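> Read off the chains here:
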Amino acid sequence: MLEIKNVSLRYGTKKALDGVTVSFAPGQIVGLLGENGAGKTSLLKAILGLLPFSGEVLLDGESVTRRNIARLSFATCEHSFFPSLTPRAHRDFYAQHFPGFLDRRFQALMDFFALPDSRPVRALSAGQKNQFEVILALSQGADYILMDEPFAGNDIFNREDFYKVLLGILEPGETVILSTHLIQEIRDFVSRAVLIRGGRIVGDLETDELEESGTDLVEAVKASYGYEPDRAARALDSLTGRQGEGQS
Amino acid sequence: MKKMDRSLGRLVPPGISAGREIVAMAGGLLLAVMLSLRAPLETALRFRELSELYRLGIPVEPDWGQAHILRAMTGFPVLALLLAGLAVWHLVYFRLGSRADYLMRRLPDRLELARRCAALPLAGIGAALVISALIYLACRAYDMHRLNMALRLLRELRGE
Amino acid sequence: MVDFKDFPLRGEGPVYVRIVRYIRAGVAAGTIRDGEEMPSRRVLSALLGVNPNTVQKAYRMLEEEGLMVSRSGAKSCARATPELVEQAKKALQAQEVAGAVAALFRGGMGKDEALELISRMWDELSESEGGEEA
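Residue numbers (the working numbering), protein chains in the order written: chain A, 1 to 248; chain B, 249 to 408; chain C, 409 to 542.
Everything labelled a hint here was simulated from the structure, so no lab data went into it. None of these values were measured; they are calculated from a predicted model. Positions of the beta carbon are idealized from the N, C-alpha and C atoms, including for glycine. Take the hints with a grain of salt, since some may be wrong.
So the derived list for chain B, only partly shown, Cβ under 10 Å to chain A, looks like this [said to hold, decoys possible]: (1) 261; (2) 262; (3) 297; (4) 344; (5) 345; (6) 348; (7) 352; (8) 358; (9) 362.
Between beta-carbon pairs, the in silico distance windows are [as the list claims (entries may be wrong)]: (10) B:357 - A:117: 51 to 57 Å; (11) C:516 - A:172: 47 to 53 Å; (12) A:218 - C:411: 28 to 34 Å; (13) C:468 - A:157: 27 to 33 Å; (14) C:498 - A:63: 32 to 38 Å; (15) A:114 - C:498: 46 to 52 Å.
Restricting the straight-line Cα-Cα distance to at most 20 Å, the calculated cross-link-like pairs of lysine to any residue (SDA-like) are [unchecked claim]: (16) B:251 - A:171; (17) C:497 - C:535; (18) A:164 - C:473; (19) B:250 - A:93; (20) A:164 - C:451; (21) B:250 - A:202; (22) A:15 - A:197; (23) C:483 - A:171; (24) C:465 - C:447; (25) B:251 - A:210; (26) C:465 - A:210; (27) C:465 - A:197; (28) C:465 - A:171; (29) B:250 - A:120; (30) B:250 - A:119; (31) A:164 - C:455; (32) C:413 - C:439; (33) C:465 - A:212; (34) C:413 - A:168; (35) C:465 - A:191; (36) A:164 - C:441; (37) A:164 - C:410; (38) A:164 - C:418; (39) B:250 - A:171; (40) C:465 - A:206.
Please build the complete structure, drawing on both the sequences and the hints.
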């Protein structure tokens, strides 16, 4: 169980996270949804200890330290690989540092995406770099796989391929937390959607429950955000109204 | 070079050539050593000047301090500063082209990042300290030797 | 193995309902044979790109309807006995009609008018296609 308890975080003067409390159980595929600057990235980085925060992050009751950090892995759109190293060298590095490294899974994913093994990663295309970043996160042997907008720059066919591979390759006990703004796309893929806004959790929906009540995830997210569908229409109204009155 | 890179690769950030950095550090040390040769050179020149004066019968008191030694050795602190800068550069290197520092800071091995950044610079600074200490002692010894010789010549001059 | 090649990726209703409908349609049409193997939960989830819980839900519903049976520890198989095929056909037909009935009902048509409409259209179709009255 990954528990985040009352976590707050400052980014300069701004409060990037404000008293966030949420838990993740093994086996869930969770979409972390929110607009830019909502706090998705900050939350993931706080969990991994990459940003200082107040509050607690507990992995099966214990703080995240070097002793258990291998149970968390990370794929980020900023890329955390070594650009000058080949995929093979990365494999060696990971195998050396992470005792649970999944070599066969690494090979299978490299084959599936047909990534060249012996060229430095910086020579790969943008889409391939994203794929490699995710392959590393999946092969580390972690129980909780955190991904921060891992598909920035990949085309939709790429992404759909990817969701399918993920579903096939994940073991029942592995948890994926995927931060994205592509709500429509991940609708079928996730079992839970956590909505974050202004550094706070504003929604936590099980897709099961949504299905039962006949609500669409996109609609539920819009509702959570207080999205007003007639906002554009009203704005137009007031504009044309003003024009009709002339200068006032 | 490749062999050195491979066996020492764990001491530098991945992708950086350990061999090349070691060669550069050795070069820097050599340069600092060569610069420090000015000290005994200056000592020798001063002694020769004194000898000339004594031959002319002028009883000048030999007195030279350590300032010239310290001046000649400025190569070493400069080298140490550059090596500290190298450690910082190693740290920055992980943030160039990607955020590999996110990976380094997630490793179960707490020392990995520190080791890769600071191992060679610290080794270089250590070598600089040892070598500069030895050179300092050698220069002082030579100084003392020339000083004693000068004092003896002075006493002869005074007819003592 | 039951084939999901023609599974409609976009459709009405939650995914698990669509999976159940797909199997029902296959059984009714005879393209799914009795005892044919069903893909495992994980494989189907990867194939369709949907969460395994969704597939689980669909499979549970299929088991409740008798269209699927799980052997202990091993594969699941579709069931398509003659009774089940009949049942599935009827269920599909009911599905077809449900949509039309709802449309007419909400459009404000009365029951007798609706039955008359159906009767007339049936006769017209019988004449032009020379089919039998059911």
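> Now, for every hint given, state plainly whether the structure supports it.
These are the hints, each one checked on the structure:
1. The interface hint given for residue 261 (chain B) holds, since its Cβ lies 8 Å from the closest Cβ of chain A, which is under the 10 Å cut-off.
2. For residue 262 (chain B), the suggested interface contact is upheld, since its CB lies about 5 Å from the closest CB of chain A, less than 10 Å.
3. The beta carbon of residue 297 (chain B) is not positioned within 10 Å of any beta carbon in chain A (closest approach about 57 Å), and the interface hint is therefore violated.
4. Proximity of residue 344 (chain B) to chain A holds as hinted, the smallest CB-CB distance being about 8 Å (cut-off 10 Å).
5. Restraint check, residue 345 (chain B) versus chain A: the minimum CB separation of about 4 Å is within 10 Å; hint holds.
6. Interface restraint check for residue 348 (chain B): the shortest CB-CB distance to chain A comes to about 5 Å, inside 10 Å, so the restraint holds.
7. At its closest, the beta carbon of residue 352 (chain B) sits 9 Å from a beta carbon of chain A; the interface hint therefore holds under the 10 Å criterion.
8. For residue 358 (chain B), the interface hint holds, the least distance from its beta-carbon to any beta-carbon of chain A being 5 Å, beneath 10 Å.
9. Hint status for residue 362 (chain B): violated, given a least beta-carbon distance of 13 Å to chain A, over 10 Å.
10. For residue 357 (chain B) paired with residue 117 (chain A), a C-beta distance near 25 Å fails the hint of 51 to 57 Å.
11. Between residue 516 (chain C) and residue 172 (chain A), the C-beta spacing of about 51 Å keeps the proposed range 47 to 53 Å intact.
12. Checked against the hint of 28 to 34 Å, the pair residue 218 (chain A) and residue 411 (chain C) passes, with Cβ atoms roughly 31 Å apart.
13. The beta-carbon spacing between residue 468 (chain C) and residue 157 (chain A), approximately 32 Å, falls within the hinted interval of 27 to 33 Å.
14. At about 60 Å, the beta-carbon gap between residue 498 (chain C) and residue 63 (chain A) misses the expected band of 32 to 38 Å.
15. The hint said 46 to 52 Å for the Cβ distance between residue 114 (chain A) and residue 498 (chain C), and at roughly 48 Å that hint holds.
16. Straight-line distance between C-alpha atoms of residue 251 (chain B) and residue 171 (chain A) comes to about 41 Å, which puts the hinted pair past the 20 Å bound.
17. The straight-line distance between the Cα atoms of residue 497 (chain C) and residue 535 (chain C) is roughly 25 Å, outside the 20 Å bound, and the hint therefore fails.
18. Simply put, residue 164 (chain A) and residue 473 (chain C) have alpha-carbon atoms about 28 Å apart, too far for the 20 Å limit, and the pair is violated.
19. This hinted pair checks out: residue 250 (chain B) and residue 93 (chain A) have alpha carbons roughly 18 Å apart, not beyond 20 Å.
20. Our distance criterion of 20 Å between C-alpha atoms is met by residue 164 (chain A) and residue 451 (chain C), whose separation comes to about 9 Å.
21. Distance hint between residue 250 (chain B) and residue 202 (chain A) is unfulfilled; the C-alpha atoms sit about 55 Å from each other, more than 20 Å.
22. As the CA atoms of residue 15 (chain A) and residue 197 (chain A) are separated by approximately 12 Å, the hinted pair is consistent with the 20 Å bound.
23. A C-alpha spacing of about 18 Å is found between residue 483 (chain C) and residue 171 (chain A), which places the hinted pair at or below 20 Å, so the restraint holds.
24. Distance check on the hinted pair: residue 465 (chain C) and residue 447 (chain C) sit about 14 Å apart at the alpha-carbon level, within 20 Å; holds.
25. For the hint pairing residue 251 (chain B) with residue 210 (chain A), the CA-to-CA distance comes to about 60 Å; that exceeds 20 Å, so the pair is violated.
26. Proposed proximity of residue 465 (chain C) and residue 210 (chain A) is supported: the alpha carbons are some 14 Å apart, at most 20 Å.
27. Restraint check for residue 465 (chain C) and residue 197 (chain A): the C-alpha separation of about 31 Å exceeds 20 Å, so the hint is violated.
28. Using a Cα cut-off of 20 Å, the hinted pair residue 465 (chain C) and residue 171 (chain A) holds, with the two alpha carbons roughly 18 Å apart.
29. Distance restraint check for residue 250 (chain B) and residue 120 (chain A): the Cα-Cα separation of roughly 17 Å lies within the 20 Å cut-off, and the hinted pair is therefore satisfied.
30. Taken as a hint, the residue 250 (chain B) and residue 119 (chain A) pair is honoured in the structure, with Cα atoms around 18 Å apart against an allowance of 20 Å.
31. In summary, the hint linking residue 164 (chain A) to residue 455 (chain C) is supported, as the alpha carbons are separated by about 6 Å, within the 20 Å threshold.
32. A threshold of 20 Å between alpha carbons decides the hint, and for residue 413 (chain C) with residue 439 (chain C) the separation of about 12 Å falls inside it, so the pair holds.
33. Proposed proximity of residue 465 (chain C) and residue 212 (chain A) is supported: the alpha carbons are some 11 Å apart, at most 20 Å.
34. Between residue 413 (chain C) and residue 168 (chain A) the alpha-carbon distance is near 17 Å, which keeps this suggested pair within the 20 Å criterion.
35. The suggested pairing of residue 465 (chain C) with residue 191 (chain A) holds, with an alpha-carbon distance near 12 Å, which does not exceed 20 Å.
36. For the hint linking residue 164 (chain A) to residue 441 (chain C), the alpha-carbon distance of about 27 Å lies beyond 20 Å, and the restraint is violated.
37. As the CA atoms of residue 164 (chain A) and residue 410 (chain C) are separated by approximately 19 Å, the hinted pair is consistent with the 20 Å bound.
38. This hinted pair checks out: residue 164 (chain A) and residue 418 (chain C) have alpha carbons roughly 16 Å apart, not beyond 20 Å.
39. Straight-line distance between C-alpha atoms of residue 250 (chain B) and residue 171 (chain A) comes to about 41 Å, which puts the hinted pair past the 20 Å bound.
40. With a CA separation close to 14 Å, the supplied pair residue 465 (chain C) and residue 206 (chain A) stays within the 20 Å bound.
Checked against the numbered hints above, the structure violates hints 3, 9, 10, 14, 16, 17, 18, 21, 25, 27, 36 and 39; every other hint is satisfied.
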